[in-house]
Amino acid sequence: MIAAASPIVLTGVTESQRAFPYLTTMILVPVAFAFATMLVPKGQRWAHRAMGLAGSFGVLGIAAAVLDQFQAGDGGYQMVSSHALAAPIGLSWSLGVDGISLFLVLMTAVLVPIALLGATERTNTKAFTVWVLLLEAGCIGSFLSLDLLLFFLFFETTLVPVYFIIAAWGHERRGYAATKFFIYTFAASAFMLVGILSLVFIHQNQTGVTTFDIRLLAQTHLSGTADVVLFLAFTAAFAVKAPIFPFHTWSPDAYGESPAAGSILLAGVMAKLGTYGIVRFDLGLFPHAVVVLAPLLLTLGVIGIIYGGIVAAVQKDLKRLVAYSSLAHLGFIVVGAFALTNEALSGAVLQMVNHGLYTAALFLLIAMIYRRRGTFAISRLRGLQGSAPVMAAVFTVVMLASIGVPGLNGFIGEFLILAGTFLTHRWWAVVATAGIILAAVYLLWAYQQVFHGKPNLEDEEEGFAEITVREGLVLAPLIVLIVFLGVYPKPVLDRITPSVDQIVLHIEHAAHPSIPIEGQPGTAALRGGATVVVHTEGTK
Amino acid sequence: MIPTSTVLGAAGAHLLAATGIAIPHINYTTLLPELILLGGMLLLLGVSALSPVRLPTEAYASATIGLGTASLISSLILWRDVTDRGPFSTIAHSIEVDGFAIFFLVVVSCILIVSPMFAAGYLRRSGIDGCEYYVLALISGAGAMFMASAGDLILVFLGLEILSIPLYVMAGLDHRREASGEAAMKYFVLGAFSSAIFVYGIALTYGATGSTNLATIGAFLAHNVLTSNGVLLGGLGLMLVGFGFKVAAVPFHMWTPDVYQGSPTAATGFMAAMAKVGGFAALLRVFVSTFPSLASSWQPIVWVMAIVTLVFGAVVAIVQSDAKRMLAYSSVNHAGFVLLGLQAASARGIEGSLYYIFVYSFLVLGSFAVVAAVGGADDDRHGIELFRGLGRRNPVLATMFAVLLLAQAGAPFTTGFFAKLYVVEAAVDAHSYALAVVAMGSAAIAAFFYLRLVFLMFSDSGLPIVTQQNLSTAQATVSEPLVELPGSSLSPAYASPGGGVATLVTPSATAIAEEILDTQITEANEEAPIAVSPWVISGLMLCVGATVVFGIWPQPIVEFAHQATLLF
Chain A
1 MIAAASPIVL TGVTESQRAF PYLTTMILVP VAFAFATMLV PKGQRWAHRA MGLAGSFGVL
61 GIAAAVLDQF QAGDGGYQMV SSHALAAPIG LSWSLGVDGI SLFLVLMTAV LVPIALLGAT
121 ERTNTKAFTV WVLLLEAGCI GSFLSLDLLL FFLFFETTLV PVYFIIAAWG HERRGYAATK
181 FFIYTFAASA FMLVGILSLV FIHQNQTGVT TFDIRLLAQT HLSGTADVVL FLAFTAAFAV
241 KAPIFPFHTW SPDAYGESPA AGSILLAGVM AKLGTYGIVR FDLGLFPHAV VVLAPLLLTL
301 GVIGIIYGGI VAAVQKDLKR LVAYSSLAHL GFIVVGAFAL TNEALSGAVL QMVNHGLYTA
361 ALFLLIAMIY RRRGTFAISR LRGLQGSAPV MAAVFTVVML ASIGVPGLNG FIGEFLILAG
421 TFLTHRWWAV VATAGIILAA VYLLWAYQQV FHGKPNLEDE EEGFAEITVR EGLVLAPLIV
481 LIVFLGVYPK PVLDRITPSV DQIVLHIEHA AHPSIPIEGQ PGTAALRGGA TVVVHTEGTK
Chain B
541 MIPTSTVLGA AGAHLLAATG IAIPHINYTT LLPELILLGG MLLLLGVSAL SPVRLPTEAY
601 ASATIGLGTA SLISSLILWR DVTDRGPFST IAHSIEVDGF AIFFLVVVSC ILIVSPMFAA
661 GYLRRSGIDG CEYYVLALIS GAGAMFMASA GDLILVFLGL EILSIPLYVM AGLDHRREAS
721 GEAAMKYFVL GAFSSAIFVY GIALTYGATG STNLATIGAF LAHNVLTSNG VLLGGLGLML
781 VGFGFKVAAV PFHMWTPDVY QGSPTAATGF MAAMAKVGGF AALLRVFVST FPSLASSWQP
841 IVWVMAIVTL VFGAVVAIVQ SDAKRMLAYS SVNHAGFVLL GLQAASARGI EGSLYYIFVY
901 SFLVLGSFAV VAAVGGADDD RHGIELFRGL GRRNPVLATM FAVLLLAQAG APFTTGFFAK
961 LYVVEAAVDA HSYALAVVAM GSAAIAAFFY LRLVFLMFSD SGLPIVTQQN LSTAQATVSE
1021 PLVELPGSSL SPAYASPGGG VATLVTPSAT AIAEEILDTQ ITEANEEAPI AVSPWVISGL
1081 MLCVGATVVF GIWPQPIVEF AHQATLLF
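Line by line, the protein sequences are chains A and B. Take the first sequence: its letters are residues 1 to 540, numbered as in this note's numbering. Take the second sequence: its letters are residues 541 to 1108, numbered as in this note's numbering.
Hints were generated in silico from the structure; no laboratory data involved. Just so you know, these numbers come straight off a predicted model, no measurement behind them. Cβ atoms here follow ideal geometry from the backbone N, Cα and C, with glycine treated the same way. Hints are not guaranteed to be accurate.
[Said to hold, decoys possible] Footprint (simulated), chain B over chain A, 3 or more residues, beta carbon under 8 Å:
no., region
1, 24 to 35
2, 169 to 182
3, 489 to 501
[Said to hold, decoys possible] One side only, chain B facing chain A, incomplete, derived with CB under 10 Å:
no., residue
4, F760
5, L761
6, A762
7, V765
8, L766
9, T767
10, R933
11, P935
12, A967
13, V977
14, A983
15, A984
16, I985
17, S999
18, P1094
19, E1099
Here chain A stands alone, though its shape is the one from the complex (with noise of 0.2 Å):
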């Protein structure tokens, strides 16, 4: 079980505390430079945007340190620090990292100061770096809750930011975009929030305790309906939020309408509040569950490869293509996730990483068209090769790599999830794949209407300029990544598989209570074709 022959102390001061608490600093760095933001006065742009790079890059430095202290080999949860923050409700002031949220935060580390960075928003400046630093406090401590409540009010949270940063600085039909987004998101959290408490009574009544500690919540013992109905409830937050399939109507409109930065977001960091909270939730407190509706998951994210994959490629918009591309890699994800296996887990948390990398990159190079052209319409954008070589190569990488060459990072999580999903759901696994066909299709598409052909003859003499050393420096650290990940993932796959091996062997003792947790031949076997499937990556 998951850290749970550990006893937990609750309130009072824990023996990590005595550390440096890195994890609370990480979410109260930005909330503290977003407030000294708001005290400078307005009209001083340049002091806003100093603020808001210091705060993220405030950030960014603890989560380096995090990196570095983190061990490696342990899959648990680690500098874990609690407080209790209202004893009558049972809400704590808990936060950990492990394997899997680890790079999400640092991810998000990462891409904030970019999107900072490849901002483009010239009105009102105090405000945008005041949201933009919010909402990154609210995903860092979504990620890094262990508290249940604690992790919805971090979730919300990260709602009004993302409504003021799409209504104020969006596209024409922002109002409508920004509203939809948060009535949607807004709804579909009502039944999680009704999912955590009922978990906590049911919680409350076995044990006598009333917390939302998810370590502690993971022993509930729930009866077959009320496991089911309870992950339903928690999905339903989830799928919104990633979005799965159904439920991502709301995705086109509030990607297509964002500005640069909140795109970026959006679709890098706030989508993965939707998978992690899959990986972490759904899996960790309702196996039983799982395993019964994986099927059903499963088919709505291989529904969502494909249709995302062939709605994309009817897109006009460039901005609402990489949107149904978000939905189709998203997919990915899904069937990774609800696959069961090792490898296809360890693939859809690394993919998380991944896709927020290169959809990024996609949404600042598109940002770089839009100030360019003043247009996201694929149609009256052509020949910008001819013009701009280096963007048109940095495009290429950013697109390979999210088609899934390999030598990218996309390959790596792809490959995982599919090897790992064609164990147990052989079907699934097929069927997903032709959404890599499919992803190649409309990135190859829109990259050669973009960027091959003649320029029109008016554009011709608007010209095209090149990619400027600033947009460049903004979009090298992706690259690098990008590259990176997609040549050596060992280091980051070493550090995500021991927390993954604990949730599998997590739903597979639920599955199968008779059969002791350790020495289980298959998970072995399993978790030797992870290692080789790394090492295999690692070689090349």
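Here the structure of chain A is known, so what remains is to put chain B in place on it, guided by the hints.
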């Protein structure tokens, strides 16, 4: 404490003894919060009547704030007594002094501290800056306190009337406006009607149980089984109607939008807070603590009431184009949430309801204060479109309003989130899962109209909507100096709408009119007269501060509500 005889005098005691009426022992110190309010009210009335100079409204406001603070302090002293010695009752068990009552005493005191800050400037603007508002507020507050601590149905009824009658007057305070008078009339007629129903409910309950004392009724029901309890259930049902009217639960909410809209905005905020506080205090005490044995009978009714209140309030608020009406329906939605706690009929439910009411009072007071500030001198600019661009015209006001609205929507790290969480928690605990889901769903619907207002405030395209009106006034200003025709006695006001005179003006006049119009538009945008006095700002700071601070650190209020329920 003062012996009865010293107060009444020996002769009075003799007289009463002769009539055979036993005078119960009265512990005056326990009534201190109510007595402070009522005594202070008399003092205010006396001072305003006898003062040789007309006192500024701020003086009355300060006095009311002082009285509120005094009653807050005395409530907290009582709280210490109760935590030390446990709950007790006085005046022949008709006044209960327990944690539950004191929680409401504190809430009422807080409302009395905050609302004068919002009222002062408004009353001066509207030319109703006498002491009336404050006197009425103090009486009403005392009524709410009596309702909260009433241990006897008769006292509940008295409290209800002491609470309501000042509110009827307050609704009609702005006698120059027809809408205000209409609101007062509606509120009074419907309120009187519901009071009558309520009294009939008390009568039936008395008939069924032989007492009006809540403790006695509770004991009677605990020790006896009624073979046919139709009369008692009828009484309960009628009382629920009376309470439902006060707290604006559907289907007894019909008065809410009209009265909220018509009343002077400063009174609306107070009314929205105080009537709910008083109504819910008595509702919770009577139903949960006195009739728990009948819970299986009244819970389904409350369940239905809660669902329709939640959904109706949220859905109808969406289509409102007037901010006051929208907030009225939103307050109906809030009432539904508090009913969730009642429906649970558990200690957790009461805790949740207490917390919700506490939070709601601050939110609604602050929200109506902003609406009053935006409403302008005539208190008639309440269209939702008029909030467009408030973020530029007055960023501080807009930001504070945004926080209050987001809190009402239940955004995390505001008290609004914990309030909703608390009552939904209670509903889940009582296995009312459907109710919990409906409640959260209604919160999502409600989020739509709160956010729409927030979006409007911070959206940029702040073009004036009343172009036609501006044009005609601009033309009027132009035509006035130009139309100096000999023998023309037409007043400009008469001249401009007809257009006949305007056509006499040279073509260049239209150009001038447009020019003036342009400057007017810029003026309307740049320096739209949103008068926000330091009083209003400090009041809003209190509301927003409480919302955010206790949203991030909920422990103190949660603990207070928890203890209040333990000492019930």
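Status of each hint after checking the structure:
no. : hint       : result
1   : 24 to 35   : violated (count 0)
2   : 169 to 182 : holds (count 4)
3   : 489 to 501 : violated (count 0)
4   : F760       : violated, 33 Å
5   : L761       : violated, 29 Å
6   : A762       : violated, 27 Å
7   : V765       : violated, 30 Å
8   : L766       : violated, 33 Å
9   : T767       : violated, 36 Å
10  : R933       : violated, 14 Å
11  : P935       : holds, 9 Å
12  : A967       : holds, 8 Å
13  : V977       : holds, 5 Å
14  : A983       : holds, 7 Å
15  : A984       : holds, 4 Å
16  : I985       : holds, 8 Å
17  : S999       : holds, 7 Å
18  : P1094      : holds, 5 Å
19  : E1099      : holds, 6 Å
Hint compliance for this structure: hints 1, 3, 4, 5, 6, 7, 8, 9, 10 are not met, and every other hint is.
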